[in-house]
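Novice: Here this note's numbering is used: the first residue of the sequence shown is 11, the next is one more, and so on.
Just so you know, these hints were derived from the structure itself, not from any lab. From the three backbone atoms N, C-alpha and C, an ideal C-beta is built for every residue, glycine too. Some hints here could point you the wrong way.
[What the hints assert, rightly or not] Cut-off 20 Å, straight-line C-alpha distance, at most; resulting in silico cross-link-like pairs (EDC-like, lysine to aspartate or glutamate):
| id | residue 1 | residue 2 |
| --- | --- | --- |
| 1 | Lys118 | Glu46 |
| 2 | Lys118 | Asp55 |
| 3 | Lys118 | Glu103 |
| 4 | Lys118 | Glu21 |
| 5 | Lys118 | Asp19 |
[What the hints assert, rightly or not] Label pairs and their computed distance ranges (CB to CB):
| id | residue 1 | residue 2 | range |
| --- | --- | --- | --- |
| 6 | Val99 | Ala122 | 13 to 23 Å |
| 7 | Pro36 | Asp73 | 30 to 40 Å |
| 8 | His102 | Ser32 | 19 to 29 Å |
| 9 | Pro87 | Glu21 | 28 to 38 Å |
| 10 | Ala121 | Pro87 | 11 to 21 Å |
| 11 | Ala29 | Ala97 | 31 to 41 Å |
| 12 | Ala81 | Lys118 | 16 to 26 Å |
| 13 | Ala123 | Ala97 | 28 to 38 Å |
| 14 | Ala51 | Arg89 | 12 to 22 Å |
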Amino acid sequence: MSRVLLVEDEELNRVLVRAIISRAEPPAVRGLDLLEAGSLADARDALAAEPVDVVLLDVNLPDGNGLELAAELAEAPARPTVIALTASVLPHERAAAMAAGCDAFLDKPYAAADLVTILATHLS
11 MSRVLLVEDE ELNRVLVRAI ISRAEPPAVR GLDLLEAGSL ADARDALAAE
61 PVDVVLLDVN LPDGNGLELA AELAEAPARP TVIALTASVL PHERAAAMAA
111 GCDAFLDKPY AAADLVTILA THLS
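Model the full structure from these sequences, guided by the hints.
Specialist: So, in structure tokens, the structure goes:
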């Protein structure tokens, strides 16, 4: 079973991701183990406790910029896939996310099918 860490400070967005995953058609997505963190500090704690396969990473968090965590993970020996989920969609913001070590970028608001597709792609 794949393990995914959702780093998102907005509870409503976490609820939405949980609902999308629970209804996803691909078994790899529907059956994944979803961990959640509401801040960079919580994300770092979760990652120190157990490895994950994918990090769904909000960029604008209350205790810093999610791209800091993406850059840290880019240097990790057992590096998870990092997917930026953000409303910051200008070309230079997308380029900054990719330069920080993100593997993919999904802009908010996103369609449920887009989240499922990107997860299925990176979990296979």
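Novice: Each hint should be assessed against the structure and marked as holding or not.
Specialist: Hints and how they fare:
With a C-alpha separation of about 18 Å, the suggested pair Lys118 and Glu46 falls inside the 20 Å cut-off, and the hint holds. Restraint check: the Cα-Cα separation between Lys118 and Asp55 comes to about 25 Å, which exceeds 20 Å; the hinted pair is violated. Between Lys118 and Glu103, the direct Cα distance comes to roughly 13 Å. Compliance with the 20 Å bound is thereby established for this hinted pair. Taken as a hint, the Lys118 and Glu21 pair is honoured in the structure, with Cα atoms around 15 Å apart against an allowance of 20 Å.
Restraint check: the Cα-Cα separation between Lys118 and Asp19 comes to about 14 Å, which is no more than 20 Å; the hinted pair holds. At roughly 18 Å, the beta-carbon separation of Val99 and Ala122 lies within the given 13 to 23 Å, and the hint holds. Between Pro36 and Asp73 the Cβ separation comes to about 33 Å, which falls inside the hinted range of 30 to 40 Å. One distance hint, 19 to 29 Å for the beta-carbon pair His102 and Ser32, is violated here, with the actual separation near 35 Å.
Taking the beta carbon of each, Pro87 and Glu21 are about 33 Å apart, inside 28 to 38 Å as hinted. Between Ala121 and Pro87 the beta carbon distance is about 34 Å. The supplied range of 11 to 21 Å is therefore violated. Remark: the range hint 31 to 41 Å for Ala29 to Ala97 is contradicted by a beta-carbon distance near 19 Å. At roughly 21 Å, the beta carbons of Ala81 and Lys118 sit within the given window of 16 to 26 Å.
At roughly 19 Å, the beta-carbon separation of Ala123 and Ala97 lies outside the given 28 to 38 Å, and the hint is violated. At about 20 Å, the CB distance of Ala51 to Arg89 agrees with the hint of 12 to 22 Å.
Hint violations for this structure: numbers 2, 8, 10, 11, 13, all remaining hints satisfied.
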